[in-house]
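The task is simple: from the sequences and hints, build the whole structure.
Number of protein chains: 2
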Amino acid sequence: MSKKRQQIAAAAERVLYREGFAQVGVDRIVDEADVALGTLYKHFPGKEDVIVAALAHREETFLERMEEPEGEGGIDAVLRLFDRLLDWGDEKGGNGCLFLRAAADYPEPGPVREAAVAHKQTYLALIERRLRHAGWEKAESKRLALRIFVLLEGAVSAVFALGRETAIAEAKETARLLLLACPPRG
Amino acid sequence: MSKKRQQIAAAAERVLYREGFAQVGVDRIVDEADVALGTLYKHFPGKEDVIVAALAHREETFLERMEEPEGEGGIDAVLRLFDRLLDWGDEKGGNGCLFLRAAADYPEPGPVREAAVAHKQTYLALIERRLRHAGWEKAESKRLALRIFVLLEGAVSAVFALGRETAIAEAKETARLLLLACPPRG
DNA sequence: GCCAAAATGAAACGATCGTTCTATTTTCTC
DNA sequence: GAGAAAATAGAACGATCGTTTCATTTTGGC
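In order, the protein sequences belong to chains U and B. Here the numbering used here is used: the first sequence runs in plain steps of one and ends on residue 186. Here the numbering used here is used: the second sequence runs in plain steps of one and ends on residue 1186.
Cut-off 30 Å, straight-line C-alpha distance, at most; resulting in silico cross-link-like pairs (DSS-like, lysine-lysine):
#1 U:Lys-3 to U:Lys-47
#2 U:Lys-92 to B:Lys-1142
#3 U:Lys-3 to U:Lys-92
#4 U:Lys-4 to U:Lys-92
#5 B:Lys-1042 to B:Lys-1004
#6 U:Lys-47 to U:Lys-4
#7 U:Lys-42 to U:Lys-3
#8 U:Lys-142 to B:Lys-1092
#9 B:Lys-1047 to U:Lys-47
These are computed hints drawn from the structure, not numbers from a lab. None of these values were measured; they are calculated from a predicted model.
Below, the structure written as structure tokens:
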């Protein structure tokens, strides 16, 4: 992977998330990337491919961010997902989920939508793995992962109305009640 | 309020929600509204004003849909919000929250963003009122409303990954556990 | 230091989009 | 039914945007 290509993908991720898919043109991306327009078109066939690369870049950094360095098990290992999300939001700002926004702006089937679907499935699998590692059985993990996922998605969406800290804190507390009501090895 | 104006606002709401703010131009709106282009510009100063009217139209129908015809109190009165959301999604499709998408596509301050903020505050107030009517005290209602709000927002967002029925059912079940864990008159 | 490959800056294209304008037709009111 | 107001169809405008091209400069490997 070329250095310039990475630059463009990272810059596109930043500016697309900050200003929205509608208002951002190719010229803004090359400005943010400190790169000539021709360079972008030597690395990408078109704008949509830049967007796909931006989503791939975001998926990568997101998974890095959500990864646990070391984990003692139990409920706290699951609840720490919300803390990671809070850190993630601190860097990236609170403008919702980039993948959902991309899917909304590209309603017809295509690589953008596929990237969004793949991201959500990876996310769900990550939650489920965390639950299993924390002590829940497979069937319980599958069910609980759906609810934790709803709470995490709700936290991100609610940032707009409630602010980052409140939205994530309330989601986390609800998750704690949920997990206490459905303890492992039940 | 003129008949044509209402037509345009309703059509804009439909097509904007279905296809996204980015891909929809004024010509698509007038096609969907069965109205001439000049008529649109005789009723609205510009496209952004059409969008604001579309959001206002959606707010109106949304509040109608969420309103209870008659309500026995208790937990079920609150949980019925999720059923209403399911009905709402059945008509409107599962492309996320139109207000959040509008806010994401119009990042700078302005009437679009204001409409989105106002909608979320109205929504929160509706939830809180429902909780009070169901028996919770004022302080508890305020706190619980935040969490129910997160769950409702999460349900809408999770539709993309989980499908309408699953997303809303899991959110509703989580809400039930939350409300059982924090009963009224605690 | 040389040479190929990559990057740059800038201009220019076709297409699309928001907006305006005009001439004609329909609708509504008295 | 006459006259005013609104709606229509369609053309045309300037601006923006995605994309292509080109001549020039910079970079990196032998």
